[in-house]
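2 protein chains.
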Amino acid sequence: MAALGLVGGSNVGKAIAVARPGGWKKGLAIMDFILRLGGIAASLGAAATMGTSDQTLPFFTQFFQFEASYDSFTTFQFFVITMALVAGYLVLSLPFSVVAIIRPHAPGPRLFLIILDTVFLTLATASGASAAAIVYLAHNGNQDSNWLAICNQFGDFCAQTSGAVVASFVAVVILVLLVIMSALALRRH
Amino acid sequence: MAALGLVGGSNVGKAIAVARPGGWKKGLAIMDFILRLGGIAASLGAAATMGTSDQTLPFFTQFFQFEASYDSFTTFQFFVITMALVAGYLVLSLPFSVVAIIRPHAPGPRLFLIILDTVFLTLATASGASAAAIVYLAHNGNQDSNWLAICNQFGDFCAQTSGAVVASFVAVVILVLLVIMSALALRRH
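Residue numbers (our numbering), protein chains in the order written: chain A, 42 to 230; chain B, 42 to 230.
Note that these hints are calculated values from the structure, not bench results.
Since we're looking at a predicted model, the values are computed, not measured.
Be aware that one or more of the hints could be misleading.
[Claimed, not checked] Computed footprint of chain B on chain A, listed as stretches where at least three residues anywhere in the stretch have a Cβ under 8 Å from a Cβ of chain B: (1) 113-124; (2) 158-169; (3) 184-197; (4) 219-225.
[What the hints assert, rightly or not] Calculated from the model, a selection of chain B residues having no Cβ within reach of chain A, i.e. all distances over 10 Å: (5) G64; (6) A82; (7) P99; (8) I122; (9) L133; (10) L135; (11) D197; (12) A224.
Note that CB positions come from ideal geometry on N, CA and C, so glycine has one too.
Only chain A is shown next, with the shape it has when bound in the complex (with noise of 0.2 Å):
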């Protein structure tokens, strides 16, 4: 591998090194393609299930029925978005995927992945760590501040959010993944 890299690094020109080598850039090319299909399954499916999630009781009081749903917390409204948004990106990134799989030494559409990447790894944590702090006051609550965990009552809408959480957290380790692979794949060519 790294002897393919030299070759590859060497100026001997272009011809040689589409016709032989970048074998392994090729191979990084085509992971990065399959990697990011799982990463918008993952963000799809943590929108999608987050975005479901609904549960109201089976009692009610004269004045108040108790239900629960995404849009009562922002949080999860914010992590709803920022998946469909990462989804979005990825498939938009699809097309760029592609040319670093035809021409594996072309910079270009490395470095705008490796950017754009970057910044939506950025987003992605950011929604699903703090989808994921929510996550955890409902199922433990806090009791300096007297916030009850509500798990017991919503049971169901806490499995459904906490499967979003694991969903986006796949989501992340994908685009990590994205990021290094391109990070490798820039080193040399």
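Please arrange chain B on chain A, whose structure you already have, making use of the hints.
What follows is chain B alone, placed relative to chain A:
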């Protein structure tokens, strides 16, 4: 800048590359070092501000004294630990940044830094965002789950934790810039 990059990327020889160009790469490496110093200040500030947040209310009941400190909230404990870790990592990364200044064309240290920067970016974003979610709840409360805002009582505590969250976001922005700058510097050599 593009022309310099081309000269730097050609195989004319390392002697020339060290002698004259690599100018913008060296500039990037120096900026990298300065940004790291800023990141250390921001993350240490965030950890210290959050770690010293503690407020005891001047009134108490027979059984209970009202006190809020960062270890009332698991998320804030996580925040302090993570921010200290990020600050520690940034301190330890300074020597590698110095190596990148001395040898602007060596891809090794840059690659090492961009991978670890990405990981710690994720860590810093996760802790900052989850703390922000709790701070938001402390300020605004939540109707549907009956969590009351505590910032009316614990005003100083809320101000201090909000400040820590802002400092952590500064650290996140700096880490994003570091990753993007490393990607730019890796492009050609």
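| query | Non-interface claim for B/D197: all C-beta distances to chain A beyond 10 Å? | reply | With a cut-off of 10 Å, B/D197 remains clear of chain A, as the shortest Cβ separation is near 15 Å.
| task | Examine each Cβ of chain A, and state whether all of them lie more than 10 Å from the Cβ of B/I122. | result | Per Cβ check, B/I122 is outside 10 Å of chain A; nearest 14 Å; holds.
| said: Using Cβ atoms and 10 Å as the threshold, tell me whether B/L135 really stays out of contact range of chain A. | reply: About 20 Å separates B/L135 from the closest Cβ of chain A, which puts it past 10 Å; holds.
| field | Reported absence of B/P99 from the contact zone with chain A (all CB gaps over 10 Å) | value | holds, 17 Å
| query | Any Cβ of chain A at or closer than 10 Å to B/A82, or is the non-interface label fine? | reply | It holds; B/A82 is separated from chain A by about 20 Å at its closest Cβ, greater than 10 Å.
| Outcome, coverage hint (the region 158-169 of chain A, chain B; C-beta under 8 Å; three residues) | Per the Cβ count (8), the hint holds.
| message | Is the listed coverage of the region 113-124 of chain A by chain B valid when you require three or more residues with a beta carbon under 8 Å from a beta carbon of that chain? | response | holds (count 4)
| said: If I take the minimum Cβ distance from B/G64 to any residue of chain A, is it greater than 10 Å? | reply: For B/G64, whose nearest Cβ neighbour in chain A is about 19 Å away, the distance exceeds 10 Å, so it holds.
| task | Classify the label on B/L133 as holds or violated, using whether its beta-carbon is more than 10 Å from each beta-carbon of chain A. | result | Holds, since 19 Å exceeds 10 Å.
| said: How does the region 219-225 of chain A fare against chain B when you require at least three residues with a CB closer than 8 Å, holds or violated? | reply: Result for this restraint: holds, n = 5.
| said: Please check whether the region 184-197 of chain A has three or more residues whose CB lies within less than 8 Å of a CB on chain B. | reply: holds (count 7)
| Whether B/A224 stays farther than 10 Å from all C-beta atoms of chain A, as the label says | Violated, since 5 Å does not exceed 10 Å.
Going down the numbered hints, you'll see the structure goes against just number 12.
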